[in-house]
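Novice: Kindly produce the complete structure, drawing on both the sequences and the hints.
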Amino acid sequence: QQQVKQSPQSLIVQKGGISIINCAYENTAFDYFPWYQQFPGKGPALLIAIRPDVSEKKEGRFTISFNKSAKQFSLHIMDSQPGDSATYFCAASPGYALNFGKGTSLLVTP
Amino acid sequence: GAGVSQSPSNKVTEKGKDVELRCDPISGHTALYWYRQSLGQGLEFLIYFQGNSAPDKSGLPSDRFSAERTGGSVSTLTIQRTQQEDSAVYLCASSPQAVQETQYFGPGTRLLVL
Chain A
1 QQQVKQSPQS LIVQKGGISI INCAYENTAF DYFPWYQQFP GKGPALLIAI
51 RPDVSEKKEG RFTISFNKSA KQFSLHIMDS QPGDSATYFC AASPGYALNF
101 GKGTSLLVTP
Chain B
1 GAGVSQSPSN KVTEKGKDVE LRCDPISGHT ALYWYRQSLG QGLEFLIYFQ
51 GNSAPDKSGL PSDRFSAERT GGSVSTLTIQ RTQQEDSAVY LCASSPQAVQ
101 ETQYFGPGTR LLVL
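Sequence lines, in order, name chains A and B.
Residues 1 to 110 (the numbering used here) are what the first sequence spells out, left to right.
Residues 1 to 114 (the numbering used here) are what the second sequence spells out, left to right.
To be clear, the hints were calculated from the coordinates, so they are not data collected in a lab.
Since the structure is predicted, the reported quantities are computational estimates derived from the model, not experimental observations.
Be a bit skeptical, because a hint or two may be false.
[As the list claims (entries may be wrong)] Once the Cα atoms are required to be at most 30 Å apart in a straight line, the calculated DSS-like pairs of lysine-lysine come out as:
1) K42/A x K57/B
2) K102/A x K11/B
3) K15/A x K57/A
4) K58/A x K102/A
5) K17/B x K57/A
6) K68/A x K57/A
7) K58/A x K68/A
8) K42/A x K15/A
9) K57/B x K71/A
10) K17/B x K68/A
11) K15/A x K102/A
12) K42/A x K5/A
13) K5/A x K102/A
14) K15/B x K57/B
15) K57/A x K5/A
16) K102/A x K71/A
17) K102/A x K42/A
18) K15/B x K42/A
19) K5/A x K57/B
20) K57/B x K11/B
21) K42/A x K58/A
22) K5/A x K71/A
23) K102/A x K57/B
24) K102/A x K15/B
25) K57/B x K17/B
Specialist: Okay, here's the thing in structure tokens:
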């Protein structure tokens, strides 16, 4: 079964807006939570990752918020740009194998 | 430096044929992973190598799927007697070691089984 649930499936945001993607998990053995960005025809590329000992991590315009008690984490993209249009995957891992969400297709309109 | 490379980039085959997909990881990376990306299932873990050994084959969907890694480098994923449901993008990733490190993905091999 899907171990990581991701929403929304698709998202349209205006340039300059905030994009928010949410993920939830059940397995408490998960202790590594990366987000990957994928452009058409390319493999996924790591965007940002967090471990459960912190509640938030920020890198440039990208922020992960993590709620361990609720078993939820989210990606915020501030000042979204058309170049951010891509598919975003959250993932969770207890060690090496990544369990991916089903992805969110983000479109940032000019 | 060079990233993860995969070949072929596209493969069209007939149902029942065997196919081999190749992955060249980043030089020096000891961990190697195979994933499958399909429309209905998203990204699924298939197998993980640490060096030449595969401690976790739990994601392989059937005994028609096998993989090997030689010299701690190149890996081959083999699908025997292909079925239409095997059509997907097969992605390879590598990381310097294994646990909770960035996995660097290749561009994938797009497999279409007719």
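Novice: Next, verify each hint and record whether it holds.
Specialist: Okay, the hints, checked on the actual structure:
no., hint, verdict
1, K42/A x K57/B, "holds, 25 Å"
2, K102/A x K11/B, "holds, 24 Å"
3, K15/A x K57/A, "holds, 23 Å"
4, K58/A x K102/A, "holds, 23 Å"
5, K17/B x K57/A, "violated, 47 Å"
6, K68/A x K57/A, "holds, 14 Å"
7, K58/A x K68/A, "holds, 17 Å"
8, K42/A x K15/A, "holds, 23 Å"
9, K57/B x K71/A, "holds, 27 Å"
10, K17/B x K68/A, "violated, 47 Å"
11, K15/A x K102/A, "holds, 24 Å"
12, K42/A x K5/A, "holds, 23 Å"
13, K5/A x K102/A, "holds, 7 Å"
14, K15/B x K57/B, "holds, 24 Å"
15, K57/A x K5/A, "holds, 21 Å"
16, K102/A x K71/A, "holds, 17 Å"
17, K102/A x K42/A, "holds, 17 Å"
18, K15/B x K42/A, "holds, 26 Å"
19, K5/A x K57/B, "holds, 23 Å"
20, K57/B x K11/B, "holds, 24 Å"
21, K42/A x K58/A, "holds, 25 Å"
22, K5/A x K71/A, "holds, 11 Å"
23, K102/A x K57/B, "holds, 22 Å"
24, K102/A x K15/B, "holds, 27 Å"
25, K57/B x K17/B, "holds, 22 Å"
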